[in-house]
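4 protein chains.
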Amino acid sequence: MRVGIISASGYAGGELVRYLLAHPHAKITYLSSHTFAGKPLSEAYPSLLGQDLPLCEQYDADAAAERCDVIFQAYGNGVGMKLAPDLVARGKRFIDVPADFRLKDPAVYREHYGAEHTASDLLQEAVYGVSELHHAEIERARIVANPGCYAVGAILALAPLVAGKLVDPDSIIIDSKSGVSGAGRSKVEVSSLFTEINEGFRAYAVAGHRHTPEIEQELSSLMGREVKVTFTPHLVPMNRGILTTAYARLASDVSDPAGVYRDFYAGRKFVVVLGEGRQPNTKNVFGTNYCHIGFAVDRRTNRIVVTSAIDNMGKGAAGQAVQNMNLMCGFDETTGLTSPAVFP
Amino acid sequence: MRVGIISASGYAGGELVRYLLAHPHAKITYLSSHTFAGKPLSEAYPSLLGQDLPLCEQYDADAAAERCDVIFQAYGNGVGMKLAPDLVARGKRFIDVPADFRLKDPAVYREHYGAEHTASDLLQEAVYGVSELHHAEIERARIVANPGCYAVGAILALAPLVAGKLVDPDSIIIDSKSGVSGAGRSKVEVSSLFTEINEGFRAYAVAGHRHTPEIEQELSSLMGREVKVTFTPHLVPMNRGILTTAYARLASDVSDPAGVYRDFYAGRKFVVVLGEGRQPNTKNVFGTNYCHIGFAVDRRTNRIVVTSAIDNMGKGAAGQAVQNMNLMCGFDETTGLTSPAVFP
Amino acid sequence: MRVGIISASGYAGGELVRYLLAHPHAKITYLSSHTFAGKPLSEAYPSLLGQDLPLCEQYDADAAAERCDVIFQAYGNGVGMKLAPDLVARGKRFIDVPADFRLKDPAVYREHYGAEHTASDLLQEAVYGVSELHHAEIERARIVANPGCYAVGAILALAPLVAGKLVDPDSIIIDSKSGVSGAGRSKVEVSSLFTEINEGFRAYAVAGHRHTPEIEQELSSLMGREVKVTFTPHLVPMNRGILTTAYARLASDVSDPAGVYRDFYAGRKFVVVLGEGRQPNTKNVFGTNYCHIGFAVDRRTNRIVVTSAIDNMGKGAAGQAVQNMNLMCGFDETTGLTSPAVFP
Amino acid sequence: MRVGIISASGYAGGELVRYLLAHPHAKITYLSSHTFAGKPLSEAYPSLLGQDLPLCEQYDADAAAERCDVIFQAYGNGVGMKLAPDLVARGKRFIDVPADFRLKDPAVYREHYGAEHTASDLLQEAVYGVSELHHAEIERARIVANPGCYAVGAILALAPLVAGKLVDPDSIIIDSKSGVSGAGRSKVEVSSLFTEINEGFRAYAVAGHRHTPEIEQELSSLMGREVKVTFTPHLVPMNRGILTTAYARLASDVSDPAGVYRDFYAGRKFVVVLGEGRQPNTKNVFGTNYCHIGFAVDRRTNRIVVTSAIDNMGKGAAGQAVQNMNLMCGFDETTGLTSPAVFP
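Chains as they are written, first to last, in this note's numbering: chain A, 13 to 356; chain B, 13 to 356; chain C, 13 to 356; chain D, 13 to 356.
Just chain A, with the same shape it has in the complex (with noise of 0.2 Å):
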């Protein structure tokens, strides 16, 4: 399998890198990058110095569909709708890491990223990439939307709730707390210098985040009726890692949480639900794919409190495509991807 990354001088085209090099059947044939272009992509992470690689180039659509079955747009915001018409005519799958594909309705989309959709007509193709909810729709998918970072530990963590109806879902409340590497390698401010970001936390865009409106699409699918959030994500001094903590009413009397996970994941190898008492910890999932849950229940106030860990780079981005395209072309999803956590 020929695989290209546009804009692979960013984090999340260094972290498909990795995740590439590592896969048995993907060669990485196209690497584009603007600031990179004619050289080596070890000049943007030394951690790539003696990988067999090729060149960066200036993205260009011939070269990148005559070099490639499958390509993922890491770029940003708003390139994927512009990319991803010419090259899905062209046969290629395309993966669009940021958020253009993710939501159905352009005036959500409009409301949200400030923009108009110029794609409009692909929305309904393509596939929201939560492989563990859309598992058979991705393997035939043309374009596959990888989910935000945030909405992948948001939604492996209330899916099983939401779809058994278990909870009120005018109750749910998601507490997010991530690492710093969502924010990208291109937001160079004062708000992100080791010294503003070390010894500090903080709450950010709360009760405006833009990944809100797709985990309620998500959720509200999932349940057959609206669902509302409150979500508020805040910045933790490391460098990778999502926690979510999610709360939510139970609906009905649920005597066996950690069965309801189990069997709503049952051989969704990168979902691991952990027993009674145990808590996630982002560390445990560093540089993986997988995502850890947990959870309580809070009787006194007839809560569910589910806890999951994910790494924002891997399940939230990066991993997460690699196991799209896995499911897009035909192998195992796990291929490539087990590996387990760095630690410490």
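Heads up, some of the hints might be wrong.
As the list makes no split between identical chains, a pair holds if one copy fits it or if it spans any two.
Straight-line distance between alpha carbons at most 27 Å, and here's what the computed DSSO-like set of lysine-lysine pairs gives [as the list claims (entries may be wrong)]: (1) K199 / K51; (2) K104 / K94; (3) K177 / K116; (4) K177 / K240; (5) K281 / K51; (6) K94 / K240; (7) K51 / K39; (8) K39 / K281; (9) K199 / K104; (10) K39 / K240; (11) K94 / K281.
No wet-lab data here; the hints were simulated from the structure.
Let chain A serve as the given structure and place chains B, C and D on it in line with the hints.
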């Protein structure tokens, strides 16, 4: 004012020393420490080399009573109730940093701390030491129960809303994130190693943390009816700071939440209410007794999201204790406590 | 004493404000900032909310001269030599935090800073502000050149050895490790992002750092002959602190190195000489003006290894500058500077 | 190839598991752990949940011998010399991660490790496992002594210079900085707590670290004369990585140091020689078996400054051990070890 610290070699004790060295009217005349008895405290904290301090000694009630007017007990749960009756009878002012005198009901104490309370006759007299809420009582108190670190942040975040009956009391969720120093210097376990905490984030004691009952006691008292909350603490890979994100459903239309907070905390200098759209960062209160509060209203779900930032060792422990001492001793509550955060 | 700070919104400026707020005899009467002119400094540093400070303004020499007795210049290299002549002529005491007045020889300045010195007539008068070495001159000075952060740590570590001619001057190697705040708040580059620095360690400016000539100037002066050193700075993933490890071959048998250090620094309260076998930790001087020094003699190779710990923002910048102000203004040098480190 | 790990629950053991799971020709058939006997290793490392591994068991020589072809001993000093004679006699290949078989002279072992060597007859046969230097011997070895983490970084940095007699052997100073995982998971002490290490930097074991003799043994052997070095280790607030800064006076004019290094390490894929002016960062080798080397010549003092970056758990322990296993077993030395660093 002659001041003594019981268990000066723990983190709270060391932090009390730091604040008291900066206090113009307090002189540290007594330091007890089991481990460092007979030695200067700088053996425990080389940061104190060059400071003028008495040697540490084994705790002795007569020595403490003779040499001090005010005594801070910072050893641990179960100690305050043993020492307080005697010291108070000798006319000493007693500030208990751990939990012994926080809960009014000895049955609740037993349930959460697993032991009988042996000085329950003092529970009604002891004042719960969130200075902003119990100003006048603390001025007259012989015993102040310094509040739990999580409790300070949560109570300050929610007090104006519950006191004003502006939120549904059954809807409150408190999601807190703390630096690691809250565990203390004596919790020497694998899970406290640098390597196990760095670059990781997790929840713990979900739906079962001991600070829950004191939060509920205060909020219920403020609201005049029973309030039950869901409370989840998390561990942040940083030394200091607690960021609390509190959620509640609005019971009435609150047009000016900032005004509600500013009115409620008028004249209370350690509570800084940030304007709409600004979020507090624990970094901005690092090493201080300040509490920064921000909020946002999620109109879609009719919830208010309040965030408060404190230093768990400052407003969450030693700073709050010195503020209480100021009130008990007739000083301005800010004396010795106004230095801004060490930043960055 | 009325005090002004030029460029208060940088890290050194903000740290000067923090120290001066704790100073009993200094009042901040003037703050300049290009970015925050017309605004309170708390817009740059929310940690300063609630402090009594003048608004920031665009720098104006007349305003500064009229409202201040002492002026700290914290903007950057090349500014002090423009502003100092005028301000000094108006009778102001001038403390230059950057490098303009550190090097006595304008040719050396040109070589290392790539620009002509435009106030070279003041270079001989300006005093190099390591207070422990130039106490008496600083008391009489109109201009003090605050030393480089690395230079302070290295000079204090080596001064007793070179002044006593106890080491071979051709054998000195200085290996320094600094927290990240030394780069300042305006160095907003990819290499300064949290994600790029966290969990990494590297050297930079190997064999070519600008602090080398001022270290050599001072050591040569102390020894009465030319001293050339090899100096290597490194970046530590922490905000504050410089640990310097200095190596030199012993020229004579030094039986009691601790004694040599204690004699040399007798009466200098900010230099704390640790006993044999104890090593300083930057953590113990975090946020302070102290310098902790330790050492070991490697008998096998006849070398002495000296380690010094400072806070690059404290003894390495703002603390040192306030100590110099104290001396210039006739206060005890420790005034307002004795608070111990925030630990942990 | 059937592989066993003695003491799989320590950090080195866990890291061996991680590397071996990625190895195409090795199968982990035996795991011993005192603490976790009878349990899955995922109880020690939840990061291993979902991996196919045998249960941990108490160490038993017969079981180990029966089920393994290659055995890694990762328990601690003093264990290898007890277990190796028996296992080697049974035809097993034995890789000792701690120090027992590193020093050729049992008197030096006794001096530095404070115990008699009980298998000194095997010392001459055991090969010191820096693969780049002892390639051919390791291929034939029954026992490989995996080198100390600091030693690997220091030896690789200096080998080309001493082998080429390009530096004065009396001038070598090695200043190393290590992440905290080198202390292991069983060093549960106050000084290892997150709070005590975070935001601090210090030296330790100055002029007396146990890795000194093995560094000197190798450098002396390469140079054909006795080399004595001054070696200082430091602790960096990060989990992984060793940056070594090595200093030596040039004995002859070295016009092309990069050429010297590239020639010396020709064909050795894990050593990456950076070009003039580029400095290695431990972050770029995080989680890998690579060693990046940079250098600069300080013409003013005629010294060369060499910097090497490794992961102390990778090239400094488990990665190096697997590389040695590859050589001992006839695989290409890079098998299973080429994945790039997890970045950022």
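Legend entry - K94 and K281: within-copy, between-copy, both or neither at 27 Å Cα: neither (34 Å within a copy, 41 Å between copies)
Inset, instruction - Indicate which option fits the pair K51, K39 if close means a Cα-Cα distance not exceeding 27 Å: within, between, both or neither. - result: Within. Shortest intra-copy distance 19 Å satisfies the 27 Å Cα cut-off; inter-copy 39 Å does not.
Inset, instruction - If the cutoff is 27 Å on CA atoms, where do K39 and K281 land: within, between, both or neither? Let me know, please. - result: both (24 Å within a copy, 21 Å between copies)
Legend entry - Intra- versus inter-copy proximity for K116 and K177 (alpha-carbon distance at most 27 Å): Answer is within: at 23 Å inside a copy they meet the 27 Å cutoff, but 40 Å across does not.
Legend entry - Intra- versus inter-subunit Cα pairing at 27 Å for K199 with K104: Result: close neither inside a copy nor across copies, 30 Å intra and 42 Å inter.
Legend entry - Same-copy or cross-copy closeness of K177 to K240 [CA-CA at most 27 Å]: both (14 Å within a copy, 25 Å between copies)
Legend entry - Within, between, both or neither: K281, K51 at alpha-carbon 27 Å: The answer is between: 21 Å across copies meets 27 Å, while 38 Å in one copy does not.
Legend entry - Alpha-carbon proximity between K104 and K94, which holds within one copy, between copies, both or neither at 27 Å: Only inside one copy: K104 and K94 sit 15 Å apart there, 60 Å across copies, limit 27 Å.
Legend entry - Up to 27 Å CA-CA - K240 versus K39, copy category: Intra 42 Å, inter 49 Å, cutoff 27 Å: neither.
Legend entry - Up to 27 Å CA-CA - K51 versus K199, copy category: both (22 Å within a copy, 26 Å between copies)
Legend entry - Identical-chain pair category, K94 with K240, by Cα at 27 Å: neither (30 Å within a copy, 51 Å between copies)
Consistency note: the structure conflicts with the earlier hints numbered 6, 9, 10 and 11.
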